[in-house]
Amino acid sequence: MVTLSVIVPIYNVERYLEECLRSLSGQTLTDLEVVMVDDGSPDNSAAIAKRFAADDPRFTLVQQPNAGLGAARNTGIRNASGEFLTFVDSDDVIPPYAFGYMVNSLRDSGSDFATGNVHRLDELGTRQSPMHRRIFRTPASRTHITQRDTLLIDRLSTNKVWRRTFWDAHGLWFPEGVLYEDESVVIPLHFLATAVDVLSAPVYLWRERPSDDKSITQDRLSVKALEDRFRAVTAVSDFIVERGTPLDKRRWDVAALGNDLRTFLQVLDQADEVFLQRFFDLGNAYLDTVDPKVYPELPAVERLKWYLIRKRLGPQLAEMLTFNKSVEQKKAEAVRHGARFYADYPFKDDPALKIPREVYRLDKELEIRQKAEGIAWRDGRLVVTGRACLRFLRPNKRIQQYLRAWVVNPETGAHVRVPVSIHRANEFRLPPDAATARQDWSGYEITVDPARLKSDGRWRAGEWFVELWMFNRALIRRDRLARPTAGAPQRPTAYEVAPNVWVRPSWRGSDGLSLTIDPLRAQLTGHRTEGDDLVLTGVLGHEAARPGSVVRLNRLPGDVRLDVPLEGSSDGAFTAKVPMSALTDGFAQRRSIAGGPDTSERWEAHVIAEGGPAARLSIADSAPEGRYRDSGREINVERDNAGWAILRMGIDRPTISEVTWVGGELRIAGDYHVDDPTGLSFVIKARGRTEEHLFPLELDGSRFSVRFRPTAMPAFGARLPLGAGGYRCLIRRSTGPNEWDDGFARVDHDLVPRLPVAADLDGRTVSFDAVRHDVPVLTVGSALRPEEQGPYAQQLLRETTYPRLRKRPVTDGILFDSYSGKQYSDSPRGIYEELRRRGKRYPASWLARDGQVALPDDLTETRHSSREYFEALARSRYIVSNTHLPMWFERRPEQVVVQTWHGSMLKRIGFDIERVQFASRDYHDKLVREVNQWNHLVSPSPWATPILRRAFRFEGEILETGYPRNDIFHSPEREKLTREVRERLGLPEGKKVVLYAPTWRDDKFYSPGKYKLDLHLDLQRMYETLGDDHVLMVRRHPNIVDRVPVVGRDFVHDVSTYPEIQELFLVTDVLITDYSSLMFDFANTGRPMLFFTYDLEDYRDNLRGFYFDFDATAPGPLLTTSDQVIEAVRDVDEVHAGHKARYDAFVNRFCPLDDGKAAARIVDRLFTGLH
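Taking my numbering, I'd label the letters of the sequence shown as residues 1 to 1171.
Treat the hints with care, since some could be wrong.
Computed list of lysine-lysine pairs in PhoX-like fashion (alpha-carbon distance at most 25 Å, straight line) [stated by the list, open to error]: (1) Lys348 to Lys364; (2) Lys224 to Lys348; (3) Lys293 to Lys331; (4) Lys991 to Lys926; (5) Lys325 to Lys311; (6) Lys1140 to Lys992; (7) Lys354 to Lys293; (8) Lys992 to Lys822; (9) Lys325 to Lys364; (10) Lys371 to Lys348; (11) Lys1157 to Lys976; (12) Lys249 to Lys311; (13) Lys840 to Lys1157; (14) Lys364 to Lys330; (15) Lys293 to Lys371; (16) Lys976 to Lys330; (17) Lys364 to Lys249; (18) Lys293 to Lys364; (19) Lys293 to Lys311; (20) Lys991 to Lys976; (21) Lys991 to Lys822; (22) Lys331 to Lys224; (23) Lys348 to Lys840; (24) Lys311 to Lys371; (25) Lys331 to Lys348; (26) Lys397 to Lys371; (27) Lys354 to Lys397; (28) Lys331 to Lys926; (29) Lys331 to Lys354; (30) Lys397 to Lys364; (31) Lys325 to Lys1157; (32) Lys348 to Lys325; (33) Lys330 to Lys348; (34) Lys311 to Lys348; (35) Lys685 to Lys840; (36) Lys976 to Lys992; (37) Lys249 to Lys293.
Everything labelled a hint here was simulated from the structure, so no lab data went into it. Quantities reported herein were computed from a predicted structural model and do not represent experimental measurements.
All chains should be modelled from the sequences, with the hints used to inform the complete structure.
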């Protein structure tokens, strides 16, 4: 019997199927069969499946008329013969270790099935699936849904391996002809199981399709999808009523209301009336089955939504959803009434609605917030320092909070109370050393004396955890001591508490701080190579010194095990020979599969004696670490923080062993064994951002070095400091045209204790440190002074300093701002340069955020959020801005505010937007207040003037001058500047330049203000078709946080951070955009424009809406597919000629004032009296 049957239903997945099936063929568990079920797919999917079936006897194809996903899975089950069973959707990908990992777990535990973590997959890579994060945070063997509430939302069938006997014993089949077929099968099987394994490593990569190819379950506004979800939730509820307990039913209802149905509830503010009323009908029918005891178990925010649904209060529900999606909820506070606390959410104590106060009651939300900020051995005791408090409830007084701590052994049940001292510390949200901070009684110091963990006076092997009990304002909360901050607190070291007895502290995710008592059982004392073997030598303790022992190497997360015979002697010494090929074989293939190893694979080592317990192999303090090479791979023998032995195999990784500061220059050196030294660069890559910087690498044999000045990084012809934040270090090796291999660096373990290495440079701290065990991170501090940093410092500047400064006289000067300090650009720049062209030396300053703006030498920088920033807004006579001013700004009578705005109007703005994604409920109220601060509003054209007047409800003077930013197109220096810009960008001569500059999608976001790159251009095909004589510049909107994919040799240029887009227009031959206002500016060039409008109907009708008939007015073709765009670029002259009449009409209508004199007209009107 084959070990594992893999069922793959196939329908309309030609675009993804190859990658899916390749991931299955590359599994490290090779004893499997893949049953592919072609469910009448109309595309070329069947041909791809047939090819795999022909090439690999493990793949078989079954074909049937289209019957839906459930029916296809059922067909696969009937054709499967394996001991275990799993399901894979044909657009998804399985990491290479996944099946071996899960099957090994089941063989060890005897559980009925294993369920593993899920990551999302898109064209930019993989990331943790948010809905699965909590489920798989802590692994467990032989657990059950009645023991872990998080498993109630573990509803996918595809992230599991099922024991086939268990599956057949319960006779369940997937429902056919409906969506969400997993839930009504998976959750009942969770309840029917005797035991389940929960695995924390990702075993399934769940594809998030782009908008032009949404899967059926990605459409959240489909009535059928809504009905099928309620049908699935109800089916589970009925099963539990019949087979479970009342407690099980209540637990399920909490999960259903708070998670399953929330997916649809959250889009009700975007739904039409039909969808909304259907949700109300189905929701109330389900609520009829819900015990009132369920509601207190929901978070208050979800409880309030379901109350409004119960009352069918649609407008209030929409307002609540707006609140829930905006920053308002994060700012909401807890209000005390009597002994209880309530959330200050919408409609609380509203006399008209009379919502019961209990709806707002806070319970589980009042959870322990903690961070461990120091951990060290002191006089033989382990001392942990940090801060802890309850969410919402700061301990302002000592009497308000008490903390107790116990060290507990889950296996024996032993509890040992340990001393805790409490002290005043900076409030939780601020760094511990913030110069301006409120303090409270959240600081703690916990001291653990290992001697108290002895059993009957003896050291016994075992694992202990630290448990916290917090008493805060009559509330009691318990949690494990957890959450170390980055750096040294993540690296607690082992300590020898008695001869041959160690305490090995380590952090175990949500399980927190683990203290392992380790009497000598198996210890590595040396290593070497002999021929093709890695030879490990060591010593055994009494428990491990048994005949028939082996060293078992377990490749993490657990897919492959390698047993190596152990040769022992009477004195306890041992030798084990590990074939290096067993570590390296197949690595390249595994690495080529999504979810496979990035740079290396890790192996843990245990000594296992026949009939005895496994003893994890530690490494002696005196034993060196080692690096060996085999088959072009690097094999390292390492110790982790706790002193356990680790084998690491992978590509050559640079090891940083020396870090020094010399006169503001950071010098990094280390070892890097590489056969071919060509095409190497040292890279620092921003964490959480797309920014990266490359530096030449100096090599001397296997020794590398690099040097750079963090305060003077090249930036399109200028020099700027690195932006605040963290940066990873890696070495990039070119492997082909715009292809490379990144080797993330590691810190030599001998260097780690000497870190961090820091320097103060130009008012900011730059620090090199290691996080986790040995991951190098360069951290750049804020450009603000210490007393200006942090939310409390900013609050004081806003609420105390700014009002005080407003009482001082207004001073002569102009504060210029472009995009809240992010650029030296746009119309404010045009006005400033016109003033200087006229020789006016009136004092001027430019707002710059974090030092990231290159300014002319004669222009003073005002640091955003600094004290000078607040003073400039309080006292500058003139303020010229193209974007929103802060809400706390209040114009004085002597001040003049000129709002140039930052775009012409295709999309609706201001009061013309009926619904703004992620806006606060008082968006329009805030807009009224902001507009009242403006004296003058710049209009680009007579067409735009009435729109601006209406959309902003602006009653002041509108300057109908045109946009100064477009004067550049009529500048006598235009040709010279064009050559300079081409040179700055490194654009090749003789090639046409295409610029793709899409706007962002209001509904494609990760979180408020962080939008996705909704990329639909097939860049690879574009390169293959146009790459010989074209280059493509891509400019992300500033709100988009995803990186731009790079394909082809010097084909794609990411120009997202270039400060002035008008300069990019000078070098652009063809513009591809969509609904961006850039079209109004680019029209001044007279060059071709193409409009990639794949989502025109949705964008126009559901998101922002347009001010004119875009279809009939656009000065170029509206294209809906990537192929159409490529063809239009190829034939652009003919396409442009075909739209000449519309182009000319567009320019006449929208650009009549773009004559190179807009800035002059504004200066003539407002600044003629300046000197």
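Here is what the structure says about each hint:
Taking the CA atoms of Lys348 and Lys364, the gap is near 19 Å; set against the 25 Å cutoff, the hint holds. Between Lys224 and Lys348, the direct Cα distance comes to roughly 34 Å. Violation of the 25 Å bound is thereby established for this hinted pair. A C-alpha spacing of about 29 Å is found between Lys293 and Lys331, which places the hinted pair above 25 Å, so the restraint is violated. Using a Cα cut-off of 25 Å, the hinted pair Lys991 and Lys926 is violated, with the two alpha carbons roughly 48 Å apart.
Among the hinted pairs, Lys325 with Lys311 is consistent with the structure: their alpha-carbon atoms are about 22 Å apart, no more than 25 Å. The straight-line distance between the Cα atoms of Lys1140 and Lys992 is roughly 20 Å, inside the 25 Å bound, and the hint therefore holds. For the hint pairing Lys354 with Lys293, the CA-to-CA distance comes to about 21 Å; that is within 25 Å, so the pair holds. A distance of roughly 29 Å separates the Cα atoms of Lys992 and Lys822; the hinted pair therefore is violated under the 25 Å criterion.
The straight-line distance between the Cα atoms of Lys325 and Lys364 is roughly 20 Å, inside the 25 Å bound, and the hint therefore holds. Taking the CA atoms of Lys371 and Lys348, the gap is about 33 Å. The hint is violated against a cut of 25 Å. Among the hinted pairs, Lys1157 with Lys976 is consistent with the structure: their alpha-carbon atoms are about 19 Å apart, no more than 25 Å. For the hint linking Lys249 to Lys311, the alpha-carbon distance of about 23 Å falls within 25 Å, and the restraint holds.
Proposed proximity of Lys840 and Lys1157 is supported: the alpha carbons are some 17 Å apart, at most 25 Å. Taken as a hint, the Lys364 and Lys330 pair is honoured in the structure, with Cα atoms around 16 Å apart against an allowance of 25 Å. Note on Lys293 and Lys371: the hinted pairing is violated, with a Cα-Cα distance of about 33 Å set against a maximum of 25 Å. Note on Lys976 and Lys330: the hinted pairing is violated, with a Cα-Cα distance of about 50 Å set against a maximum of 25 Å.
Restraint check: the Cα-Cα separation between Lys364 and Lys249 comes to about 20 Å, which is no more than 25 Å; the hinted pair holds. With a CA separation close to 15 Å, the supplied pair Lys293 and Lys364 stays within the 25 Å bound. About 18 Å separates the Cα atoms of Lys293 and Lys311, which keeps this hinted pair within 25 Å; it holds. Between Lys991 and Lys976 the alpha-carbon distance is near 19 Å, which keeps this suggested pair within the 25 Å criterion.
Pair hint Lys991 plus Lys822 does not hold up; C-alpha atoms about 31 Å apart against a cutoff of 25 Å. Taking the CA atoms of Lys331 and Lys224, the gap is near 36 Å; set against the 25 Å cutoff, the hint is violated. Pair hint Lys348 plus Lys840 does not hold up; C-alpha atoms about 56 Å apart against a cutoff of 25 Å. Annotation: proposed proximity of Lys311 to Lys371 is violated, straight-line Cα distance about 41 Å (limit 25 Å).
Of the supplied pair hints, the one linking Lys331 and Lys348 holds, its CA atoms being roughly 15 Å apart against a limit of 25 Å. In summary, the hint linking Lys397 to Lys371 is supported, as the alpha carbons are separated by about 20 Å, within the 25 Å threshold. Between the alpha carbons of Lys354 and Lys397 the distance comes to roughly 35 Å, so the proposed pair goes past 25 Å and is violated. Restraint check: the Cα-Cα separation between Lys331 and Lys926 comes to about 16 Å, which is no more than 25 Å; the hinted pair holds.
Restraint check for Lys331 and Lys354: the C-alpha separation of about 24 Å stays at or below 25 Å, so the hint holds. Taking the CA atoms of Lys397 and Lys364, the gap is about 23 Å. The hint holds against a cut of 25 Å. Restraint check: the Cα-Cα separation between Lys325 and Lys1157 comes to about 43 Å, which exceeds 25 Å; the hinted pair is violated. In summary, the hint linking Lys348 to Lys325 is supported, as the alpha carbons are separated by about 18 Å, within the 25 Å threshold.
Restraint check for Lys330 and Lys348: satisfied, since their Cα atoms lie roughly 17 Å apart, inside the 25 Å limit. Taking the CA atoms of Lys311 and Lys348, the gap is near 15 Å; set against the 25 Å cutoff, the hint holds. Under the criterion of a C-alpha separation no larger than 25 Å, the hint pairing Lys685 with Lys840 is inconsistent with the structure, at around 42 Å. With a C-alpha separation of about 18 Å, the suggested pairing of Lys976 with Lys992 holds against the 25 Å cut-off.
Between Lys249 and Lys293 the CA atoms are separated by roughly 11 Å; this keeps the pair inside 25 Å, and the hint holds.
Comparing the model with each earlier hint shows violations of hints 2, 3, 4, 8, 10, 15, 16, 21, 22, 23, 24, 27, 31 and 35; every other hint is respected.
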